[in-house]
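**Student:** Below are the chains, spelled out letter by letter.
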Amino acid sequence: MAYVAVKGGERAIDNAHAWLAEDRRGDPSVPEISLAQIQQQLGRSVDRVMAEGSLYDPHLAALAVKQAQGDIIEAAFLLRAYRTTLPRFAYATPVDTAAMQIRRRISAVYKDLPGGQVLGPTYDYTHRLLDFALAAEGHPPAPAATAPAEAATMPRVSDILRGEDLIEPDGDPNPPAEPGDLTREPLAFPAGRDVRLQALARGDEGFLLAMGYSTQRGWGGTHPFVGEIRVGECAVEITPPELGFAIDIGDITLTECQMVNQFKGSKTKPPQFTRGYGLVFGHAERKAMGMALVDRAMRHDEFAEEPNAPAQNVEFVVYHSDNIEGTGFVEHLKLPHYVDFQSELETIRRMRREAEANAASLKEAAE
Amino acid sequence: MSIDLPGFADPVAQAQSTFRAVLDAMARPGTLHDAGNTLTPPAPLAPATAAVLLTLVDHDTTLHIAPDCVAATAWLTFHCGTAPASSPASAFALARTLPDLATLNAGTDEAPESATTLVLQVAALGTGPEFTLSGPGLKSPAAFRAEGLPPDFAARWAENHALFPRGIDLILCAGTTLAAIPRSITVQEG
Amino acid sequence: MPAPPPSPETAARQRWMSVLARASADAIAARLAHAPALPESTLLRGPESGLVMLRGRAGGGGSPFNLGEMSVTRCTVRNAQGFVGHAYVQGRDQHQARLAAELDAALQDPARHDALEQGVIAPLATAQQAAREEAAAKAAATRVQFFTMATMRTS
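Protein chains in written order, with my numbering: chain A, 1 to 367; chain B, 1001 to 1190; chain C, 2001 to 2155.
None of these hints come from the bench; they were simulated from the model.
Cβ atoms here follow ideal geometry from the backbone N, Cα and C, with glycine treated the same way.
Treat the hints with caution; some may be incorrect.
As the list claims (entries may be wrong) - The following residues of chain C were derived to be distant from chain A, with all beta-carbon distances above 10 Å:
(1) Ala2029
(2) His2034
(3) Leu2043
(4) His2113
(5) Gln2118
Said to hold, decoys possible - Selected chain A positions facing chain B (Cβ under 8 Å, derived; list incomplete):
(6) Pro87
(7) Arg88
(8) Phe89
(9) Ala90
(10) Arg184
(11) Pro241
(12) Glu242
Here chain A stands alone, though its shape is the one from the complex:
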């Protein structure tokens, strides 16, 4: 690959940026959108930008959405670039999703589970009919109904199921090594589950959806059930060395998905249900489910399954899940490749000349 420095584009670029700014603003007679409006009214976009930008900051994500004209990948790119300017202060204690302040919690495997099925603010039961009432600027909707709450937190379904040993346990909560960190060490294969989960958590929602979907359609077939999806707020806790004790520094919204899969058993393991896990910033069920499906598919080696589908190929999935990297490599094709192309052009001309010469000599020989 070769790139050439090209001069003379500066003025054109400046003018392009000026037009971009004008285009971003749109018709100035239309009121400008505020970051608060984006944060409040385009919350799912903000959530997705935080998840794929791998930075939890709703205010900055709203700014990125505004700056990128709603282009979610461009906005995530802006967040990723911004985070590189900030020092890292600490690693947080792993979030305790069992202590989540629940807004939504459903299970497709247990109807009557402790805490119940809590639908929360969901699109699941809407009819997907465009609501023209929203097209007219109207009055705010009536406040949501309330009911006496029993408890704000609920046990995880995986913890309920664990009693009979019919489902695999969570694994070692205190492994000897610190979890790998993609932002600090380059990817190496075979990648452990810690690194895979980090890659999936910041991965592209569309990619994870497609990969998860492929496992359902027989490409790395598992038979998944939604053990549980929960959405709500979790406290973030760190232990600053100068204090020596843990402190809460805020709350984040998370979506967690526990996918339960059948497993026939192997030489070393009795038949039991296995699990795939998804945990994503914000309210993002589709992504959490895709993540859980792909996490389970990539665990084929733990269950002696034959890896023969794309979603089971760890290197394929982890290398291609990141839309910022994908964008960089695909979009770099727009950069000047004048020199490579010239050399390829030369090669093709030479091949043509040789082919024509060969054809001519064959023809002569035949005559």
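Given chain A, work out where chains B and C should sit, using these hints.
**Tutor:** Just chains B and C now, with coordinates in the frame of chain A:
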């Protein structure tokens, strides 16, 4: 708790100017540069020593603090945001007497950049016994004076220099002055 | 590894720090307007914004993994009485971090603790608890109340 003394008043500008001083010191070995003029670090740290550590050490790096500097541990932990490392073979090592360089991390041929940078606080720079430095960054051999280096410094440094491209890089600090001797430099007495 | 329970002093400090971390600068300032003035303080570190790497656990309770980062702002002050206050708050609001650090210092001062606890921390905590309860009550209203056909016949 000795964190009561502040760090950089303007972290970005002061870290940048100290970084520039370290960069120039590394590029022109043995030359003297100002650092940490406005700092009031706790004993036994000199302002230049404190400035270098505040600039280079953070949560993502490791710092070993020699026994003769442990009085400043709480301050360094707090202002650098790093927990002290148990082994001197860490990214940075702080000392007031030259440690056995073999106990530090000289890096590997594959990753020589992983070697320890030793921040050594000495009594004075620009005065004291004279050494001659030569190597990259110096057009001709240059004189360098420091008080507080051991008498056999040149011989001990020769062993480190022989490891090149592996080896320890040395930042010397005294008062509000710093100088550097990277691993690529040859040191001779007198 | 369950940590030993904190001392009552530490538990109290953890509580007010968690309340301040969740309160906006405006909300803190509004409460401070009704409380005794905070003493003068000098900055020891910050306020400065940075990142905390958040972690989850595989399967919910298994081995930790790095989930992604969060913006956080920290500040440390020493007040005129010599108390050192720390703050780590979510987001990038340096004013909030400074107020939280000043309050952390002042709340450690027995001479000021009660007035600030009652005038600032308690009302902020009450408002935060009310918001949590409101969300829980809305969630409870969306809980499915299953009933069987048999129940329907007998009712």
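**Student:** Does each hint fit the structure? Answer for all of them.
**Tutor:** We went through each hint and held it up to the structure:
Its beta-carbon lying about 18 Å from the closest one in chain A, Ala2029 of chain C satisfies the requirement of being farther than 10 Å from that chain. With 10 Å as the threshold on Cβ separation, the claim that His2034 of chain C sits away from chain A holds: the shortest Cβ distance comes to roughly 25 Å. Every beta carbon of chain A lies more than 10 Å from that of Leu2043 of chain C, the smallest distance being close to 15 Å; the non-interface claim holds. Every CB of chain A is more than 10 Å from the CB of His2113 of chain C (nearest about 18 Å), matching its label as outside the interface.
The claim that Gln2118 of chain C is not at the interface with chain A holds, since no C-beta of that chain comes within 10 Å of its own (minimum 21 Å). At its closest, the beta carbon of Pro87 of chain A sits 6 Å from a beta carbon of chain B; the interface hint therefore holds under the 8 Å criterion. Because the beta carbon of Arg88 of chain A sits about 5 Å from the nearest beta carbon in chain B, less than 8 Å, this interface hint is met. Against a cut-off of 8 Å between C-beta atoms, the interface hint on Phe89 of chain A holds, since the closest Cβ of chain B lies about 6 Å away.
Interface restraint check: Ala90 of chain A against chain B, minimum CB-CB distance 7 Å, threshold 8 Å, status holds. At a threshold of 8 Å, the smallest CB-CB gap from Arg184 of chain A to chain B is about 7 Å, leaving the interface hint in force. Interface restraint check: Pro241 of chain A against chain B, minimum CB-CB distance 6 Å, threshold 8 Å, status holds. Interface restraint check for Glu242 of chain A: the shortest CB-CB distance to chain B comes to about 5 Å, inside 8 Å, so the restraint holds.
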